[in-house]
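The hints should help you fit chain B onto chain A, whose structure is shown.
Chains as they are written, first to last, in numbering that gives the first Met the number 0: chain A, 0 to 335; chain B, 0 to 142.
Because the hints were derived from the structure by calculation, they are not lab data.
Note that the structure is predicted; figures quoted are calculated from it, not measured.
Each hint should be verified, as a subset may be incorrect.
Said to hold, decoys possible - Computed cross-link-like contacts, EDC-like style, restricted to lysine to aspartate or glutamate with a CA-CA straight-line distance of at most 16 angstroms: (1) A/K199 / A/D262; (2) B/K130 / A/E333; (3) A/K199 / A/E268; (4) A/K190 / B/D115; (5) A/K190 / B/E114; (6) B/K76 / B/E108; (7) A/K136 / A/E153; (8) B/K130 / A/D329; (9) B/K78 / B/D101.
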Amino acid sequence: MNELSEKLQAYLRTRLGAPDLTVSGLARIPGGASRETYRFRARSGGTERGLILRRDPPASLIETERSSEYRAYEAFHGLGLPVPAPVVLELDPAPLERPFFIMEEIENCATGVILSPDPYGVHREAVGRQFFTVLGKIASVDPRDVGLSVFDGETDIHDTAMHEVARWEKVILEDEVEPQPIARAAIRWLKRNPPAPAQKISVVHGDYRTGNFLFDDKGTIRAILDWEMAHLGDPLEDLGWALDPLWAGGDPAHPGGMIARADAIALWEKTSGLKAEPKALYWWEIFASLKGAAIWISAAREYAQGRNIDPINAFSGWFCLAFHNKVLADRLGETP
Amino acid sequence: MNPEVGTIIDLSVMKIAGGVNEHGAAFAQGTIGLIASVLSMAAKEYDRGADIRFAENADLRALFGAIAGTVSDAGLKAKLEAAAASKDESLRISVLNANNYDLRRLLTEAMVFAEDHDLHDAQSRIWTVLKAAAARRLVQLGP
Chain A
0 MNELSEKLQA YLRTRLGAPD LTVSGLARIP GGASRETYRF RARSGGTERG
50 LILRRDPPAS LIETERSSEY RAYEAFHGLG LPVPAPVVLE LDPAPLERPF
100 FIMEEIENCA TGVILSPDPY GVHREAVGRQ FFTVLGKIAS VDPRDVGLSV
150 FDGETDIHDT AMHEVARWEK VILEDEVEPQ PIARAAIRWL KRNPPAPAQK
200 ISVVHGDYRT GNFLFDDKGT IRAILDWEMA HLGDPLEDLG WALDPLWAGG
250 DPAHPGGMIA RADAIALWEK TSGLKAEPKA LYWWEIFASL KGAAIWISAA
300 REYAQGRNID PINAFSGWFC LAFHNKVLAD RLGETP
Chain B
0 MNPEVGTIID LSVMKIAGGV NEHGAAFAQG TIGLIASVLS MAAKEYDRGA
50 DIRFAENADL RALFGAIAGT VSDAGLKAKL EAAAASKDES LRISVLNANN
100 YDLRRLLTEA MVFAEDHDLH DAQSRIWTVL KAAAARRLVQ LGP
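If we strip away everything but chain A, and leave its shape as in the complex, we get:
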């Protein structure tokens, strides 16, 4: 048993009031650069369960409110959506050196691989229909009904779009290590062409895409993951992000490598009870690519300055940023 495993076991014994609890099989798994993700088994009282530990990294790529992700898991698991059950949130860095939370492990599932031309194989239709239906359900929820009325983000339907632009503009201005004329042009375009006010304020997942959910061998979505950028805002933000060409495996007509774009939007509208008005959705799709660019600019800086040398940051700084610059240039170049 390594040091982290010993500390985790000691913590859980005290926190859960289970002096016989044992931790085994602690192993880090790929799970993004913004949180360290570990899988482990916990045994107590004759029962064993798989759990996931999500711990802050030494240097975080995108600064997020530590408790937000956990609160989002609590809220949407409680509604019966496919979201893992949260177990423990610990903001005190003392037990494991950094804040962390623990949730249930959803076993025997897979994620769709980003950039794969066919990430879901025979299940693409079924997975796609569930994916956009669940997103519509998330959009339909009133944050006040799930205890998230006080949460990161903007609650004024007139201000939410510019609130998000300002947030990511700040990231770009602080983190760009070389001039970014396309990203800066996108910011100006977004400010000059504001969308219609949000139809409502919803909980925005913030990173709802291929690669951030688990599905089983029957093609059933079992878990929506990675709520670390969850916030209050315009539900079209999540739809724009889910439709982004980066997740489409080279076929933007089939967002996420799933169902046809028109079907995806229709399912979202039906389930959310909202309209994806084309002009507003286009604005949020431009925003999505700009937000992506901001994240990749940040990743490149973290890597180049040696603060986080996870190779995903180098990959993001090269491949993903170049991709989103191309998407933005092509789109804005048609409608400057």
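Just chain B now, with coordinates in the frame of chain A:
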């Protein structure tokens, strides 16, 4: 392109030398796969890096020369004309980058002016250059 090729090679070596197996096999496999991907991209960038920067710098200088005459602001016009007449003194990536960053900063200045003054032809020319630059910098995966 940040991080630059040298940084990627240095930090990939550091990551490998530091041991990628300390967190278990699944994480090590993912990390090694990603290192392989970025090293493969770095190999391609080694071959094309100077070319895409040289071409982009040439396009930007030609653009500035073409739009300088439409700019009413004397200071900006002078900067555009000076940039249009500048040259890359070397094909070293560091030199090409330094010139490229100066040119791209000036490009943003010119774009803001063109947008604020409704210079549609200049905007159209600028986006043509930006689309070509973005296409040139797109990273192809695989062999």
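For each hint, the structure was consulted:
At most 16 angstroms may separate the alpha-carbon atoms for a hinted pair to count; A/K199 and A/D262 exceed this at roughly 22 angstroms. Taking the CA atoms of B/K130 and A/E333, the gap is near 10 angstroms; set against the 16 angstroms cutoff, the hint holds. Distance hint between A/K199 and A/E268 is fulfilled; the C-alpha atoms sit about 13 angstroms from each other, no more than 16 angstroms. Simply put, A/K190 and B/D115 have alpha-carbon atoms about 13 angstroms apart, close enough for the 16 angstroms limit, and the pair holds.
Distance hint between A/K190 and B/E114 is fulfilled; the C-alpha atoms sit about 13 angstroms from each other, no more than 16 angstroms. Only pairs whose Cα atoms come within 16 angstroms are accepted, and B/K76 paired with B/E108 is accepted, the gap being roughly 11 angstroms. The suggested pairing of A/K136 with A/E153 is violated, with an alpha-carbon distance near 20 angstroms, which exceeds 16 angstroms. Among the hinted pairs, B/K130 with A/D329 is consistent with the structure: their alpha-carbon atoms are about 6 angstroms apart, no more than 16 angstroms.
Restraint check for B/K78 and B/D101: satisfied, since their Cα atoms lie roughly 11 angstroms apart, inside the 16 angstroms limit.
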